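K.L.:
Now that you have both chains on their own, put them together as the hints suggest.
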Amino acid sequence: MIEVRELTKRFGRTVAVDGLTFHVKPGRVTGFLGPNGAGKSTTMRAILGLDHPASGEALVGGRRYDRIRHPMREVGALLDAGAVQGGRTPLGHLSWIARSNRVGRDRVVSVIEQVGLAGVARRRIAGFSLGMRQRLGIAAALLGDPGVLLFDEPVNGLDPDGVRWIRELMRGLAAEGRTVLLSSHLMSEMELTADHLVIIGRGRLLADTAMRDLTGVRDVFVRSTRAADLAAALSTALSTGLSAVGGTVTPEGEGLSVRGLDPVEIGDLAARHAIPVHEITPRAASLEETYLRLTEDVTDHASRRADR
Amino acid sequence: MIDALAAEWLKLRTLRSTSVVLGVVVVVVGLMALLAWYAAGLWDGLPPDQRDHLAVSSLPELTGMLGSLCLAVLGVLAVSGEYATGMIRSTFTVMPSRGRVLAAKAAVLAVVAFCAGLAAILATYALGRLIIGDRAIRGQSAEPLARQFPLFLAMSLAIVMFALIGLGLAAITRSAVAAIAVLVALWYVIPLVAFNLPAPWGDRLGSVLPGALAGELAGTGNPGSVGGSLLSPAAALAVMVAWVAVPYGVAAVLLTRRDA
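Chains A and B, in that order, give the protein sequences. With the UniProt record's numbering applied, the first sequence closes on residue 308, and no number is skipped along the way. With the UniProt record's numbering applied, the second sequence closes on residue 260, and no number is skipped along the way.
With the rest of the complex left out, here is chain B (with noise of 0.2 Å):
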């Protein structure tokens, strides 16, 4: 299992897709910081009694959740790549286990997810607290960062589910395009599907769905948001798994039984 870890490993990091996915991780921060800015520009613009219309959405919450698109997307693309040019085959070749070899997988993009995530949320929080100082913007956040660990934490983890579905997805389909639109469905449409349903429902579905959990996981919920708030921290964890599990079974099963 060392060897296959190491030989993904190498693989991802060798892969153009990797580069290009966390330099667009890094322009998401960068954005980020630029909406710090303006934001802090309008503040000082706006006479002392207006300043409490402006409310910005919480800028380390924003990374979170392109993050998770872009993290999602390596994900497929550390399969669907392999699929795409027949490389699949030189991969089951020298490695003929082929659960062995998803797993290796799953297990490299996790951790590269997890820490891409934890860094972009942590430099977007920096930024923004540098940028926004102690300007009472309504959405920013002035708690110490000790208070927000938990969330960001819960956040970076919710990227690592999202990497790891679009990991299933890509090995179930073998193919990208379908695998990013499902993605993109789970992430933003059936959202706002759900932001429509009637009540309770809407509630309901917006709880389960990826991209609620990180919240519910932090116990901080999801305010002001499209996700629900209905699950416990224990629950929000449970169904992340499943979230992870489902795909990661089918494709497992999948890989073994078809040909390459």
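In isolation and in its complexed conformation, chain A is listed as follows (with noise of 0.2 Å):
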């Protein structure tokens, strides 16, 4: 369990964060969204006890981190996978955390194993490339085995693969009761492994919400040789009430884009009326269309479109 109460931060001039709340809680994967400059690093630095808040606190299992006693057994983190000396080996890394918080040896080789470096473990990390960073960060997460894990933009530099590990492997720390904080600005990445979101702009709170409630079923398509038949008996159908109210039925190219019915009523009413169809898809907002709506207001650093 993550809490983030009131937190304020400033450099110089600049509010990174303006009074921000949220909380992370435990058995979900929670995303963490924002523009380029919206705070979400400073807000992860500040739950580590790295950035002092200016006013509000960030507390991580009711506790202020730095009072934690041993912190990397309660809370891992991987905030910038380049930040690691090049001339050491995996195996020399992760030993020397390891041993700052009495975390044994054979959990050095078992992360390592976990991550997929042991081929790798004795070789200087100068050679790596970003995603072995990234792996390497990671296994520095596991290492204490945490029950609350904060990870900043982990797939930079993943092959498609790595990918796929990172969101099996968040989903599977969620599984387990874990508190999963993680950032990334790959939407459709996002979209497939994190249950709650939450999204801030110049450093205040945009969104806190499922997932599912941002990315709902929109509509159905429906694709028939008879489309004007279909239209006629999917508006009888609604206008009796056999679905929620205020469905709609609209043409679209070559079919219908139906709203208030599920593809199965829609089937049997097609069958019903003997109306051949080629094409049945709901179709889901993406998390993206939602996300450039929520931010449009508050991204600073925004590409003009051509045509405004």
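Mixed in with the good hints there might be a few duds.
If the Cβ cut is set under 7 Å, some of the chain A residues that face chain B in the computed set are [what the hints assert, rightly or not]:
no. : residue
1   : L48
2   : R73
3   : A77
4   : D80
5   : Q85
6   : S100
7   : R105
8   : T250
Keep in mind that the hints were calculated from the coordinates and are not lab data. A quick note: this is a predicted structure, and the numbers were derived from the prediction, not measured. Using N, Cα and C, we set each Cβ at its ideal position, and we do this for glycine too.
P.N.:
Below, the structure written as structure tokens:
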């Protein structure tokens, strides 16, 4: 459980985080979204006691981070995969971290295997790709087997295989009852990984909501050679109150966009009227669309579209 | 604290700068042996009545002086390397007590500096005696080790002091370049300035500079060098402690206050 309460952080005159309040609950992956400069990294650094907030507080498991005796055993974090000294080996890097928090040597070996770096455990980090450094950073976060995990852009630099690995890892960690806070700019990836979303812009909270509330089913697309007949049948069904009020049927290309009826109802209805149907596709609003709409007004570095 | 010490020890041991710096110290000792061999050759080639004109600086003291700079650079790199890469944030994430991290770093560095310094000085002494033998070259003390050991010990403490000054400066400036620039000023430039100050100020400044303290602490003073000899051993020890405590204290306050 992470609790951020009225957190404010200024850098000179710039307000990076502005009275931000949200909770990250265990047992689910919470996505942390916001445009560049929204204050995501600053918030994460404040949670970890690296940045001192001007006011407000961030608590992990009910305590300030710097009051935790062996923090790695309770909180694991990957903030910046590049922040390692290249002269060391993964084994050397993880060994000092393990020793500082009284984590056993066997754990070092097992996390190295878990993240797939066993083959390069004794090679110098200097020659590693960004993806390998990400894996090393994740290994460090997992080292103390913590109940709370924070990851800042962990999929940067990973190949598709690695991206999927991260997704499954995050979901697995949450399924074990851990608290997982994950920031990323990749909306499609976030849509697949996160259960809950915290969206911020200019240091303020824009949304704190379940993923399904942002990306629910928008409409159903139906394609038929007798679209007009089908439209009439669907309209009748809707008006006779078969389904929810406020449903609509609008022509769209070779087919229809239907709101207020689900695919099963549409299919049954078409069968009853003996109308051939070639496609029934439920369509969801993508996270990207919703996100862009939410952050439109607070994007500092937006690229202006040509038609505006 | 034990955990922090063990972690910082592992870190220093696996830091590449450590092996590089200690390698340079070994090279310094080798150079001293070469210098001894060269001096011995010169001495042998001179007619006996001219041998008195040949003077060579004390080799262990040269090692102490160069070793001070090497270990001070290691002190700088032990901290600045973490800032340069951003690893300092990993360090403060796994060990949130920043005062404890600084203390552990200082303690581990002090032990390494003392051992490396003393070993290099003793090795230089032994090689020097072995190569020079009973040639009475001026500047080379033929006194037995037991008589010279207090000075060697004081020189090793001075090396520890330099290393900790480097550590403190790096924690304050967060930059290797800035810290090493200040160090070289303390090690070389300011002593030169002191040497050129009018009496009695040259001697006064020269006596409290880091480079002069080992001689004063051992009670031998600094004959024939830039360093002054005004301080008593106790006063020299106090000044040595102050040279460490001031940058360390400033660093400790800044580390806790600043964002990492």
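K.L.:
Each of the hints needs a verdict: does it hold here or not?
P.N.:
Going down the list of hints, with the structure as the test:
Annotation: interface hint on L48 of chain A holds; nearest CB of chain B at approximately 5 Å, less than 7 Å. Given hint, R73 of chain A at the interface with chain B, is violated; its Cβ is 10 Å from that chain's nearest Cβ, farther than 7 Å. Because the beta carbon of A77 of chain A sits about 6 Å from the nearest beta carbon in chain B, less than 7 Å, this interface hint is met. At a threshold of 7 Å, the smallest CB-CB gap from D80 of chain A to chain B is about 6 Å, leaving the interface hint in force.
For Q85 of chain A, the interface hint holds, since its Cβ comes within 7 Å of a Cβ in chain B; the closest pair sits about 5 Å apart. About 4 Å separates the beta-carbon of S100 of chain A from the nearest beta-carbon of chain B, less than 7 Å, and the hint is met. Because the beta carbon of R105 of chain A sits about 11 Å from the nearest beta carbon in chain B, more than 7 Å, this interface hint is broken. Taking 7 Å as the C-beta contact cut-off toward chain B, the hint placing T250 of chain A at the interface is violated, the least distance being around 53 Å.
Against the hints set out earlier in the document, violations occur for numbers 2, 7, 8.
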